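Residue numbers (the numbering used here), protein chains in the order written: chain A, 297 to 618; chain B, 297 to 618; chain C, 297 to 618; chain D, 2 to 105; chain E, 2 to 105; chain F, 2 to 105.
Everything labelled a hint here was simulated from the structure, so no lab data went into it.
Treat the numbers as computed from the prediction; the structure is a model and nothing was measured.
Note that beta-carbon positions come from the ideal geometry of N, C-alpha and C, so glycine has one too.
Each hint should be verified, as a subset may be incorrect.
Unchecked claim - Here are a few chain A residues that sit away from chain B, every Cβ distance over 12 Å (derived from the structure):
{"#": "1", "residue": "M418"}
{"#": "2", "residue": "G477"}
{"#": "3", "residue": "I488"}
{"#": "4", "residue": "V494"}
{"#": "5", "residue": "M516"}
Unchecked claim - Okay, the calculated beta carbon distance ranges per label pair:
{"#": "6", "chain 1": "E", "residue 1": "P21", "chain 2": "A", "residue 2": "A367", "range": "57 to 67 Å"}
{"#": "7", "chain 1": "C", "residue 1": "R414", "chain 2": "A", "residue 2": "T355", "range": "21 to 31 Å"}
{"#": "8", "chain 1": "A", "residue 1": "L374", "chain 2": "B", "residue 2": "L530", "range": "50 to 60 Å"}
{"#": "9", "chain 1": "A", "residue 1": "D300", "chain 2": "B", "residue 2": "T352", "range": "49 to 59 Å"}
{"#": "10", "chain 1": "B", "residue 1": "L303", "chain 2": "A", "residue 2": "T355", "range": "48 to 58 Å"}
Said to hold, decoys possible - Quick look at which bits of chain E chain D covers, simulated, 3 or more residues with Cβ under 8 Å:
{"#": "11", "segment": "70-81"}
{"#": "12", "segment": "91-105"}
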Amino acid sequence: MALDALLQPVVLFFLLGALAAFARSDLAIPEAVAKGISLYLMMSIGLRGGGEVAETGFTHDMLLAGGAGLALSFLLPLPAFWLLRTAGKLDRTNAAAVAAHYGSVSVVTFATGSEILRHAGMAPAGFMVAVLAVMETPAIITGLLLARAQGKDSLAPRGGLLHETFLNGSVILLLGSFLIGLVAGKGGMAPIAPVFDVPFRGMLCIFLLDMGLIAARRLMDRRALTVRTAALALLLPLLNGTLGVVLGVELGLDAGSSAALGILAGSASYIAVPAVMRLALPAADPGLYLGMSLAVTFPFNLTIGIGYYGWVAAHVWPLIRG
Amino acid sequence: MALDALLQPVVLFFLLGALAAFARSDLAIPEAVAKGISLYLMMSIGLRGGGEVAETGFTHDMLLAGGAGLALSFLLPLPAFWLLRTAGKLDRTNAAAVAAHYGSVSVVTFATGSEILRHAGMAPAGFMVAVLAVMETPAIITGLLLARAQGKDSLAPRGGLLHETFLNGSVILLLGSFLIGLVAGKGGMAPIAPVFDVPFRGMLCIFLLDMGLIAARRLMDRRALTVRTAALALLLPLLNGTLGVVLGVELGLDAGSSAALGILAGSASYIAVPAVMRLALPAADPGLYLGMSLAVTFPFNLTIGIGYYGWVAAHVWPLIRG
Amino acid sequence: MALDALLQPVVLFFLLGALAAFARSDLAIPEAVAKGISLYLMMSIGLRGGGEVAETGFTHDMLLAGGAGLALSFLLPLPAFWLLRTAGKLDRTNAAAVAAHYGSVSVVTFATGSEILRHAGMAPAGFMVAVLAVMETPAIITGLLLARAQGKDSLAPRGGLLHETFLNGSVILLLGSFLIGLVAGKGGMAPIAPVFDVPFRGMLCIFLLDMGLIAARRLMDRRALTVRTAALALLLPLLNGTLGVVLGVELGLDAGSSAALGILAGSASYIAVPAVMRLALPAADPGLYLGMSLAVTFPFNLTIGIGYYGWVAAHVWPLIRG
Amino acid sequence: MTTTTHRRRIEVLADEPLIPVIIRLAAEAGIIHYTLLPTLGGAGAHGRWRDDQLSGATAKVMFLAVTGPEHADAFIDRLAPLLESHHLMLMSSDVEVVRSRKFD
Amino acid sequence: MTTTTHRRRIEVLADEPLIPVIIRLAAEAGIIHYTLLPTLGGAGAHGRWRDDQLSGATAKVMFLAVTGPEHADAFIDRLAPLLESHHLMLMSSDVEVVRSRKFD
Amino acid sequence: MTTTTHRRRIEVLADEPLIPVIIRLAAEAGIIHYTLLPTLGGAGAHGRWRDDQLSGATAKVMFLAVTGPEHADAFIDRLAPLLESHHLMLMSSDVEVVRSRKFD
Ligand SMILES: Nc1ncnc2c1ncn2[C@@H]1O[C@H](COP(=O)(O)O)[C@@H](O)[C@H]1O
Ligand SMILES: Nc1ncnc2c1ncn2[C@@H]1O[C@H](COP(=O)(O)O)[C@@H](O)[C@H]1O
Ligand SMILES: Nc1ncnc2c1ncn2[C@@H]1O[C@H](COP(=O)(O)O)[C@@H](O)[C@H]1O
Ligand code: NA
Ligand code: NA
Ligand code: NA
């Protein structure tokens, strides 16, 4: 699965973008277009997930997966914080900000992972989109508590922060689209499928080209990254992702959904969380948290992580359990 | 039809946008993307209308509907002006500017209405697109006459204004695409249908999400709106729309086309007319006319108006006539 | 073929844009959207060409066509330079800059030409996309040598210029997408075809609408164009294009590919080359080279040139050869 | 050292549909060189706005011209009566330029 | 000739998520009229940036307000302690405006 | 009251492909902090332009740097010979900044 996955156009376009940036080409996707595609991807993921749940109905598995996601998002920042403080030698504020990113999720890693799993015959269940939505914000709360953000450091009132967190554009769009998909069902989805379903994979290619450019440019500007933090940006997804997969299999989820839970746990946010952190913890360095999540963890997950989580879910853990 | 219409994704996305804005979420569609989709919608509407007319040929009904549209656009500003002056207590300039908006039409209301009517088995005739194009500008002329815009108030020369009016980008694009659809016919349309026909409804969803955001943000900023003007922004579409439907049925148009004529008469412009008014009547308050047309009338038509016009066209008026 | 080609929506939208601009309408496509579509067109052309070559494998014809393209791009600037100096009365720097544009190619002219040829049953071979990519940059080198750009005039170091040339965003994207198409093959292309194949022609319509606006606005601003340079902007495509077609037929390429080689030779760059020239030869007038390539040669090729090259490839030269 | 000359920098914030009018008034005051800059949003006596390009009627553009004192005064005189009615904002400040002839 | 009055032009460059905070601080200093301008990129002590809207966390916006000296000073006093920690850039310069009452 | 210091604000309008050159020249003059601002269009001795991003060759960007007098003069001296040939516009004006050390 690994090499085959690497040679798919979605991943190749990411590599093309990264190569162009490393070679200092002036290739650039207009930001309005990239932002538009990112909104499109969230609408599409939400609608398709909601449409599938409308078919299957609410199941026991869905509840279990949702609870697992909630717990992971709340708790994953804790060991991450400890590692970032000790092995990473970060101060409290920066460690807390980074930890929040790793507890939260990356929508595009999930989207790419789902496509790759589907291609390998391990499509995750539709309700995993709801789990994705559920996992976006709890980690932010844990991160802020870890930073003791209520201190005089921040200008933003407490209420304002929770507001920022739960009404972050990407959270609203994902959840809202999921609900619309749920209400509309397969019937309502049919006439809009030519926009929100069929072209999804192609749109992802364009977006990943841009992600390759952005990630590589950040990596070249890696003022804020040290060897220690870069190594943690590889270790954290592996740890969190493995935990996610194992939890999924143990809870009895199918292999695809378990792999998807691993992808969610192993991915790090670079849309919702940075926007909140810039406001809530202005003293934390955006070069650091975006450098780790966007320039190291994202490419790692895309090229290696996804394949690894799928492999653990399908082969390794079932074998270990016997 | 009403509730069913309300639960369609196009309308739900509008509501999602409005809710997000009311909750003060930072959700935003990049303006370049929203503008791009709005141009797309006009090209698509024009092409499809032209393609259909190329099939059916020019008919007697088309002439009748065009004449009715022309008359409505020229004349609807008159009673509107009177109501805005008396019940709305607006000064001459503001009343004239607002009246022009209500005589003209909203392309997106028409587009959404057509989709909803089609879904209910009452698809309007293709030539209604030509009626839409015809109705965009005459109301501007009436509005300027009502305002006696030729006074020293305005910096724009008379010729410049007519130029602005008839060569407004949206008018040109709609008419031009209609003509291209007419020339190309079904044969020429086939290879471009994957862009201009199939994805239409999905694109409308994205656009209405943005419209929801914009309309709700305007409503929250409703500095310029009074209870009186807000009430008129609900009354005018009802009056004008009913008139449009009745005229359509009386002229012998089919129920779908009559409903579409009602939608056109009942809708208010927020693209072509404001741009001209800002130049021609700078003393008129854009907060007022955009507040009324975009923040009150548009959502009203989308959620209630369209269903009501369809109901009158299909059931009420035929019943009254016996 | 000629009139039929002129009445296709792609060309009609170009004319609509041009008419709107001549009438001084405010119609405008947001630049981010236009740029996004231009990147999309390059990705799509590259992927489809690569996908086709993955099917057919590397052939003798492909090598021949590539060699011919390389030679044309290197050499076509020489006679062009001579004509621009003598008949055009341009100074050395301007003549060299313009000559480089005419040795290079226009991606959109190629794309439109391919669609028109396909429609006429003369689809060019997939490898012509590789030829397109090969022809973009050599002409820049010839142009810089002609200008003796190594002089003290320019601020850009020699290495920087070659870098700018070969890593220009459009060159990278076209070549990269071609390689991805080659790696992915038909199988990998299938899931992304709904984005990169099916909507191509429709997207081209939107882009050509914008090109019509831009070309006509440049023509109206034609400060830099003289009768002489405008005449050369019509003559050069005819000469270069005819040469390209003849070379293609003589090398034994099929009629469609020969016509495509003519289109490439006859077209002038307005994306990659101007960006490099602005940096490498700042003393050359962008109003001149963009005026000639964008405002005169591009519309000429679109409306007349493509049809003419196809006609020569299919009928004239085969007849002359007997 | 390069000699620089004193000139006036005039900035006018206006709704997009009014920009052609501003350009015309500037030209009438002898100012034919200018640059237009985009904006994102703002707030003033007439309320808040954001650049929604939907109608373009309330998107604002910044007109910038560097010019000599006479042209500057002539332009300001022409604009002054319109500032209130057309919701304009006008600023004038001092700049130094090289090649003074270009900025008369 | 139109009379113009002396005012202060305050510009603050800040990350997009911080703009609401800047607007609030300005309002607390009595400045309620402002304009926001877009940026493309830059470089400073905290490294280079480009406006990638992906997360918006590092895209910057220029806040511009024209105001009288007291409000200007009050605003600068409020911002001063945040400049370093929040990676802000603040500039203050002189402008002339018409309709001085609007810019107090 | 917060103390502010006098500095020079240098603005250079240049075609997008030339911006890397401007940044290099600024760095050679000791100016390594800057901000880039977008533009929409304009008119000058070399004609009208609009920001069509198609080729980017004629889209313009505003380079802005706040710096001390020596660096400013060094930068202007380096740019002066290029202004005409490269179609640049240069403006220099006075600003006050807080944290003077950052703007030397
Ligand atoms: N004092 C100010 N400082 C900065 N921008 C202003 C100021 N006053 C007005 N503006 C801008 O000019 C626009 C129109 O002003 P007004 O006519 O007062 O609503 C506002 O929306 C702001 O964008
Ligand atoms: N001297 C300066 N001139 C122009 N822009 C500056 C200057 N210093 C800082 N900036 C801008 O402010 C941003 C933040 O500055 P810093 O906190 O030093 O990284 C930089 O990325 C630049 O865009
Ligand atoms: N006096 C001026 N005021 C404002 N912008 C100017 C001025 N002169 C030139 N520009 C800008 O600089 C660009 C290049 O100037 P030029 O080289 O004179 O064509 C113009 O297109 C304008 O955008
Ligand atoms: Na995670
Ligand atoms: Na109406
Ligand atoms: Na050529």
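Taking the hints in turn, this is what the structure says about them:
For M418 of chain A, the requirement that its beta carbon stay farther than 12 Å from each beta carbon of chain B is met, with the minimum near 28 Å. With 12 Å as the threshold on Cβ separation, the claim that G477 of chain A sits away from chain B is violated: the shortest Cβ distance comes to roughly 8 Å. Once the 12 Å rule is applied to beta carbons, I488 of chain A is inconsistent with being away from chain B; the minimum gap is 4 Å. With a closest Cβ-Cβ approach of about 9 Å to chain B, V494 of chain A is found to fall inside the 12 Å limit, against its non-interface label.
Every CB of chain B is more than 12 Å from the CB of M516 of chain A (nearest about 26 Å), matching its label as outside the interface. Separated by about 32 Å at the C-beta atoms, P21 of chain E and A367 of chain A break the suggested range of 57 to 67 Å. Here the CB-CB span from R414 of chain C to T355 of chain A is close to 49 Å, at odds with the stated 21 to 31 Å. Checked against the hint of 50 to 60 Å, the pair L374 of chain A and L530 of chain B passes, with Cβ atoms roughly 54 Å apart.
For the pair D300 of chain A and T352 of chain B, the beta carbons lie near 51 Å from each other, so the given range of 49 to 59 Å is met. The beta-carbon spacing between L303 of chain B and T355 of chain A, approximately 24 Å, falls outside the hinted interval of 48 to 58 Å. Three residues within the 8 Å Cβ limit are the bar, and the segment 70-81 of chain E against chain D gives 0, so the coverage statement is violated. For the segment 91-105 of chain E, the stated coverage by chain D holds: 8 residues have a C-beta nearer than 8 Å to a C-beta of that chain, and at least 3 were required.
Hint check: violations occur at hints 2, 3, 4, 6, 7, 10, 11; the rest are consistent with the structure.
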